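Participant: Next come the chains, spelled out residue by residue.
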Amino acid sequence: MRNPLRSEAQAFRFLMVVIVAALAIGGGAYINTWLGIVAAVLAVAGIVWWLMQEPMPGTGEPARRVDPSTPAGTHRVLVVAMPGTSSVAVGADATEIVVIVPALVSTLEAEQTALSLTRRLSRPGVSVRGEVGPDDPWLAAEDALRTFGADAIVVAGDAGIADEIRGRVTVPVSLA
Amino acid sequence: MAVHAEHLDHGVHEHPPEAHYSSRISPSILGMFLFIGSEIMLFGAFFTAYFFVRVVAGTPWPTPPFHLPVFVALVNTCILVTSSFTMHWALQSVKRGNVFGLRAGLLLTFLMGLTFLVTQGREYSRVGFAPKDGAFATIFYCLTGLHGAHVFIGLSILLFMTIRAFRGHFSPEDHRGVEIGGIYWHFVDVMWIVVYLTVYIL
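Taken in sequence, the protein lines are chains A and B.
Here my numbering runs 783 ahead of the position in the first sequence, where the first position is 1.
Reminder that position 123 of the second sequence reads as 114 in my numbering, one-by-one numbering, no gaps.
So here's chain A without its partners, still in its complex pose (with noise of 0.2 Å):
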């Protein structure tokens, strides 16, 4: 279906088509009341059958394949640390880190970490950023992978949750 608001051009291409409508009820109705009306549902139908008339866009196109890897010279590492973590140790070839805390007691202390953390990792170069996630882990980390597709998970503190996360990804997970 043709959208006539999705912008200016379309609007004012409506627009002319409602004005040409608009003319020819307008004449039919100098004429006689009930041609105008006739007129007005012939325009309103011949209106309807022109926004059918295209399809909804981007139905024809076909789908974007979706390339999970990263560019070239790009190594994404996701750091899932605990609350109070001090320090992490993360590979000198990670070009963009994103440290993720979940807020296991309280938010204010996991912003804390990831403050923290963040100071610790930042280094020339090197695209550093950290949030705090919901109070699960598993969670958390999958929240985070939803907007940045790690080339690897690294967990500072509990095996088990390495664990846990290394059995639902297929990236390496590695414990701090």
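Please note: incorrect hints may appear among the correct ones.
Mimicking SDA-like on lysine to any residue, the simulated pairs with C-alpha atoms at most 25 Å apart in a straight line are [claimed, not checked]:
1) K123(B) - S147(B)
2) K86(B) - G22(B)
3) K86(B) - A872(A)
4) K86(B) - F157(B)
5) K86(B) - W832(A)
6) K86(B) - R796(A)
7) K86(B) - L99(B)
8) K86(B) - L108(B)
9) K123(B) - G22(B)
10) K123(B) - L99(B)
11) K86(B) - R158(B)
12) K86(B) - S17(B)
13) K86(B) - L150(B)
14) K86(B) - R789(A)
15) K86(B) - W817(A)
16) K86(B) - F151(B)
17) K86(B) - S790(A)
18) K86(B) - A792(A)
19) K86(B) - R785(A)
20) K123(B) - F34(B)
21) K123(B) - V72(B)
22) K123(B) - S162(B)
23) K123(B) - A48(B)
24) K123(B) - M23(B)
25) K86(B) - V800(A)
26) K86(B) - T73(B)
27) K123(B) - I192(B)
With the C-beta cut set under 7 Å, the calculated list includes, among others, these residues of chain B facing chain A [claimed, not checked]:
28) T39
29) G168
30) E170
31) I174
32) H177
33) D180
34) L193
Computed Cβ-Cβ distance ranges for the label pairs, DEER-style [what the hints assert, rightly or not]:
35) F24(B) - E947(A): 52 to 62 Å
36) W817(A) - G35(B): 20 to 30 Å
37) R167(B) - I802(A): 20 to 30 Å
38) M784(A) - A121(B): 39 to 49 Å
Keep in mind the hints are simulated off the structure, nothing from the lab.
Because the structure is a prediction, the values reported are computed rather than measured.
For every residue, glycine included, the Cβ atom is placed at its ideal position computed from N, Cα and C.
Since chain A is already given, all that's left is putting chain B on it; use the hints.
Facilitator: Relative to the frame of chain A, chain B by itself:
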């Protein structure tokens, strides 16, 4: 939702994740689209009242001894339709980098919209009936008044657009503010044509 705790050090580039949305329509245009959708429903409610008064209740239209100023409204319609052309010209101008065309187009559109509104106010003062004078008068004022309110909103948007245009805020690469305002203005124009046809002509 995650709370962000960011740190900028050593000139390191840090930023929150890019906003994710469908690439098929921008969020601002989608917002205007949804807003106009709600406006169509609002107008739909008023047209339903019109339909019931005129068709179901069989109220004479216009109810004697009143008359509708069809010719003045026709002139007003021509003014409003012309303002859509100048609006379109303004947007085409900014796309081509023509700053004069953008400013002149927006200014003319604003002036024509203002003329429409002033003429409508003048028409109200001379039409000879008030909203309390029966169902016909109530519906007339409701439909034209509702549209007038939309013209006023459109004029407010146009005023900001015009000021921004004179301050040089728009360019061939960045003119989203004109695009969205233009969509709204054309919607107001289309609604007036429907109001004019139903209230004054049919």
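Participant: Does each hint fit the structure? Answer for all of them.
Facilitator: Consistency of the hints with the structure:
1. For the proposed pair K123(B) and S147(B), the alpha carbon gap of about 29 Å is over 25 Å, so the pair is violated.
2. Under the criterion of a C-alpha separation no larger than 25 Å, the hint pairing K86(B) with G22(B) is consistent with the structure, at around 22 Å.
3. Straight-line distance between C-alpha atoms of K86(B) and A872(A) comes to about 51 Å, which puts the hinted pair past the 25 Å bound.
4. Distance check on the hinted pair: K86(B) and F157(B) sit about 16 Å apart at the alpha-carbon level, within 25 Å; holds.
5. For the given pair, K86(B) sits about 31 Å from W832(A) by alpha-carbon distance, which is inconsistent with the 25 Å threshold.
6. Our distance criterion of 25 Å between C-alpha atoms is met by K86(B) and R796(A), whose separation comes to about 17 Å.
7. Among the hinted pairs, K86(B) with L99(B) is consistent with the structure: their alpha-carbon atoms are about 18 Å apart, no more than 25 Å.
8. For the hint pairing K86(B) with L108(B), the CA-to-CA distance comes to about 29 Å; that exceeds 25 Å, so the pair is violated.
9. Our distance criterion of 25 Å between C-alpha atoms is broken by K123(B) and G22(B), whose separation comes to about 37 Å.
10. Restraint check: the Cα-Cα separation between K123(B) and L99(B) comes to about 36 Å, which exceeds 25 Å; the hinted pair is violated.
11. Between K86(B) and R158(B), the direct Cα distance comes to roughly 17 Å. Compliance with the 25 Å bound is thereby established for this hinted pair.
12. Between the alpha carbons of K86(B) and S17(B) the distance comes to roughly 18 Å, so the proposed pair stays at or under 25 Å and holds.
13. Restraint check: the Cα-Cα separation between K86(B) and L150(B) comes to about 20 Å, which is no more than 25 Å; the hinted pair holds.
14. For the suggested pair K86(B) and R789(A), the alpha carbons sit about 17 Å apart, so the restraint of at most 25 Å is met.
15. Restraint check for K86(B) and W817(A): not satisfied, since their Cα atoms lie roughly 45 Å apart, outside the 25 Å limit.
16. Pair hint K86(B) plus F151(B) holds up; C-alpha atoms about 19 Å apart against a cutoff of 25 Å.
17. Among the hinted pairs, K86(B) with S790(A) is consistent with the structure: their alpha-carbon atoms are about 13 Å apart, no more than 25 Å.
18. Simply put, K86(B) and A792(A) have alpha-carbon atoms about 12 Å apart, close enough for the 25 Å limit, and the pair holds.
19. For the hint linking K86(B) to R785(A), the alpha-carbon distance of about 23 Å falls within 25 Å, and the restraint holds.
20. With a C-alpha separation of about 21 Å, the suggested pair K123(B) and F34(B) falls inside the 25 Å cut-off, and the hint holds.
21. Proposed proximity of K123(B) and V72(B) is contradicted: the alpha carbons are some 31 Å apart, above 25 Å.
22. The hinted pair formed by K123(B) and S162(B) fails the criterion: a straight-line CA distance of about 49 Å is larger than 25 Å.
23. Using a Cα cut-off of 25 Å, the hinted pair K123(B) and A48(B) holds, with the two alpha carbons roughly 18 Å apart.
24. Note on K123(B) and M23(B): the hinted pairing is violated, with a Cα-Cα distance of about 35 Å set against a maximum of 25 Å.
25. This hinted pair checks out: K86(B) and V800(A) have alpha carbons roughly 24 Å apart, not beyond 25 Å.
26. Taking the CA atoms of K86(B) and T73(B), the gap is about 20 Å. The hint holds against a cut of 25 Å.
27. At most 25 Å may separate the alpha-carbon atoms for a hinted pair to count; K123(B) and I192(B) meet this at roughly 23 Å.
28. Using the Cβ-Cβ criterion of 7 Å, the hint placing T39(B) at the interface with chain A is not satisfied: the shortest such distance is roughly 16 Å.
29. Interface hint status for G168(B): violated, as the beta-carbon distance to the closest one in chain A is roughly 11 Å, over 7 Å.
30. Of the supplied interface hints, the one on E170(B) holds, with its beta-carbon coming within about 5 Å of a beta-carbon of chain A, less than 7 Å.
31. Because the smallest distance between the Cβ of I174(B) and any Cβ of chain A comes to about 5 Å, under 7 Å, the interface hint for this residue holds.
32. The interface hint given for H177(B) holds, since its Cβ lies 4 Å from the closest Cβ of chain A, which is under the 7 Å cut-off.
33. Hint status for D180(B): holds, given a least beta-carbon distance of 6 Å to chain A, under 7 Å.
34. Against a cut-off of 7 Å between C-beta atoms, the interface hint on L193(B) holds, since the closest Cβ of chain A lies about 5 Å away.
35. For the pair F24(B) and E947(A), the supplied restraint of 52 to 62 Å is violated, since their beta-carbon distance comes to about 43 Å.
36. Taken as a hint, the range 20 to 30 Å holds for the pair W817(A) and G35(B), whose Cβ atoms sit roughly 24 Å apart.
37. At roughly 26 Å, the beta carbons of R167(B) and I802(A) sit within the given window of 20 to 30 Å.
38. Between M784(A) and A121(B) the C-beta distance comes to about 42 Å, which sits within the given range of 39 to 49 Å.
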